[in-house]
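2 protein chains.
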Amino acid sequence: MAVEVVYRSSRDLERLFMDKAEADRHDKMLELAELLTDVLQKAVPSLSEQQGEELGIFMAKNRDIFAKAFKNQPDALSELGKDEAAE
Amino acid sequence: MAVEVVYRSSRDLERLFMDKAEADRHDKMLELAELLTDVLQKAVPSLSEQQGEELGIFMAKNRDIFAKAFKNQPDALSELGKDEAAE
Numbered sequence: 001m002a003v004e005v006v007y008r009s010s011r012d013l014e015r016l017f018m019d020k021a022e023a024d025r026h027d028k029m030l031e032l033a034e035l036l037t038d039v040l041q042k043a044v045p046s047l048s049e050q051q052g053e054e055l056g057i058f059m060a061k062n063r064d065i066f067a068k069a070f071k072n073q074p075d076a077l078s079e080l081g082k083d084e085a086a087e
Numbered sequence: 001m002a003v004e005v006v007y008r009s010s011r012d013l014e015r016l017f018m019d020k021a022e023a024d025r026h027d028k029m030l031e032l033a034e035l036l037t038d039v040l041q042k043a044v045p046s047l048s049e050q051q052g053e054e055l056g057i058f059m060a061k062n063r064d065i066f067a068k069a070f071k072n073q074p075d076a077l078s079e080l081g082k083d084e085a086a087e
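Heads up: the protein sequence lines correspond to chains A and B, in order.
Per the UniProt record's numbering: the first sequence = residues 1 to 87.
Per the UniProt record's numbering: the second sequence = residues 1 to 87.
Any given hint could turn out to be false.
Any copy, or any two copies together, can satisfy a pair, since identical chains are not distinguished.
Unchecked claim - In silico DSS-like cross-links for lysine-lysine, where the CA-CA straight-line distance does not exceed 25 Å:
id, residue 1, residue 2
1, K20, K71
2, K71, K42
3, K68, K28
4, K20, K42
For the record, the hints were derived by calculation from the structure and aren't laboratory data.
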């Protein structure tokens, strides 16, 4: 038995990481997801809370692809099919 | 009376533009909106067709802000409140 250090995001207390950088990436992803959920729910008020959260998490997890698509490569979105299949 | 040139996107036959560059911007916006609608509906199947379209259009209209947010400035999303109010 030994004491060890684990890391977690204050936004998601259940998920523990051995690696601080990974915990930090998870926290950043959740931060973006929360902000996205918020603006999308304001823009489309008919969204349920769960739909809003699913959209935020999905987009935040794939932020690199969405960054490309919004910048100048809409076709980057076609990469998403593959990612999902791999998950 | 005279004949004049007007421009439109083949994705939206009702909206006519006097300026070709504006018609082109409108077409590009609609192209991105359609692709977004498609990937979001696949990711969150419970979305209605209308919700999917509203999300796509909203995000495509604000593509510069979303590009910043996904790249590395999540806080850019706070600009959206202002934009909507101005519309």
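Evaluated hints:
For the identical chains of this complex, K20 and K71 are inter-copy neighbours only, at 22 Å across copies versus 30 Å inside a copy, given an alpha-carbon limit of 25 Å. In this assembly of identical chains, the alpha carbons of K71 and K42 lie at most 25 Å apart whether taken from the same copy (23 Å) or from different copies (22 Å). Both within a single protomer and between protomers do K68 and K28 lie at most 25 Å apart by alpha-carbon distance, with minima of 18 Å and 15 Å respectively. In the homo-oligomer, the alpha carbons of K20 and K42 never lie at most 25 Å apart, since the shortest distance is 33 Å inside one protomer and 33 Å across protomers.
Hint compliance for this structure: hint 4 alone is broken.
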